[in-house]
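Asks: Kindly generate the complete structure, drawing on both the sequences and the hints.
Counted from 1, the sequence shown has number 76 at position 76 by the UniProt record's numbering; the numbering is strictly sequential.
I should point out that these hints are in silico values taken from the structure, not numbers from a laboratory. Among the hints, erroneous ones may be present.
Stated by the list, open to error - Cβ pair distances, simulated, as ranges:
hint	residue 1	residue 2	range
1	ALA70	VAL11	22 to 28 angstroms
2	LEU59	VAL29	28 to 34 angstroms
3	VAL64	VAL29	24 to 30 angstroms
4	ALA57	PHE79	29 to 35 angstroms
5	GLN54	VAL29	16 to 22 angstroms
6	GLY27	ALA56	36 to 42 angstroms
7	ASP3	ARG25	30 to 36 angstroms
8	LEU81	ALA7	19 to 25 angstroms
9	ILE51	ALA74	27 to 33 angstroms
10	GLY83	ALA2	44 to 50 angstroms
11	ILE15	LEU63	29 to 35 angstroms
12	ALA72	LEU14	22 to 28 angstroms
Predicted model only: the values in this text are computed from it and were never measured. Built from N, CA and C at the ideal position, the CB exists for glycine as well.
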Amino acid sequence: MADFLVAAAGVLLLIAATGLLGVWRSGAVGRMMALQLLGTCAIAVLLLLAIAQQDAAVLDVALVLAVLAACAVAAFRAFALRGRGRGPEGRGAP
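Replies: Structure, rendered in structure tokens:
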């Protein structure tokens, strides 16, 4: 079972490597989506390895990365709205 999980983690790493192409080929939104793909794949790989190795510390790292990914999306949205001259409510400036 552990060999299958490690092989699945390898497949996810290949998917993440193809996601790197999106980082260089697109604008800011495309780059953010590609980085979210990389983060999701990294979390999935860590979860698979945590189960395969039965290591709780790797599981904790995966959960911390999931929380940081959510914060990154929120920060990107706030930055994108600020760049358009909008406030945090999404309305135009008075």
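Asks: Range first: 27 to 33 angstroms. Now tell me if the beta carbons of ILE51 and ALA74 are that far apart.
Replies: holds (29 angstroms)
Asks: Within 24 to 30 angstroms or not, the Cβ separation of VAL64 and VAL29?
Replies: holds (25 angstroms)
Asks: Take the C-beta atom of GLN54 and the C-beta atom of VAL29, compute their distance, and say whether it sits inside 16 to 22 angstroms.
Replies: violated (39 angstroms)
Asks: Starting from the hint 36 to 42 angstroms, judge whether the C-beta atoms of GLY27 and ALA56 obey it.
Replies: With a Cβ separation near 40 angstroms, GLY27 and ALA56 satisfy 36 to 42 angstroms, so the hint holds.
Asks: How does the Cβ-Cβ distance of ALA72 and LEU14 compare with 22 to 28 angstroms: does it lie in that range?
Replies: Given about 23 angstroms between the Cβ atoms, the range holds.
Asks: Using the beta carbons of LEU59 and VAL29, state whether their distance is inside 28 to 34 angstroms or not.
Replies: holds (31 angstroms)
Asks: Using the beta carbons of ALA57 and PHE79, state whether their distance is inside 29 to 35 angstroms or not.
Replies: holds (32 angstroms)
Asks: Are ILE15 and LEU63 spaced within 29 to 35 angstroms by their CB atoms?
Replies: violated (21 angstroms)
Asks: For the range 22 to 28 angstroms, tell me whether the beta carbons of ALA70 and VAL11 fit it or not.
Replies: holds (25 angstroms)
Asks: Range hint 30 to 36 angstroms: satisfied by the CB atoms of ASP3 and ARG25?
Replies: holds (35 angstroms)
Asks: Should the hint that LEU81 and ALA7 are 19 to 25 angstroms apart at their CB atoms be regarded as holding?
Replies: violated (42 angstroms)
Asks: So does GLY83 sit 44 to 50 angstroms from ALA2, Cβ to Cβ?
Replies: Given range 44 to 50 angstroms: holds, Cβ gap about 46 angstroms.
Hint check: violations occur at hints 5, 8 and 11; the rest are consistent with the structure.
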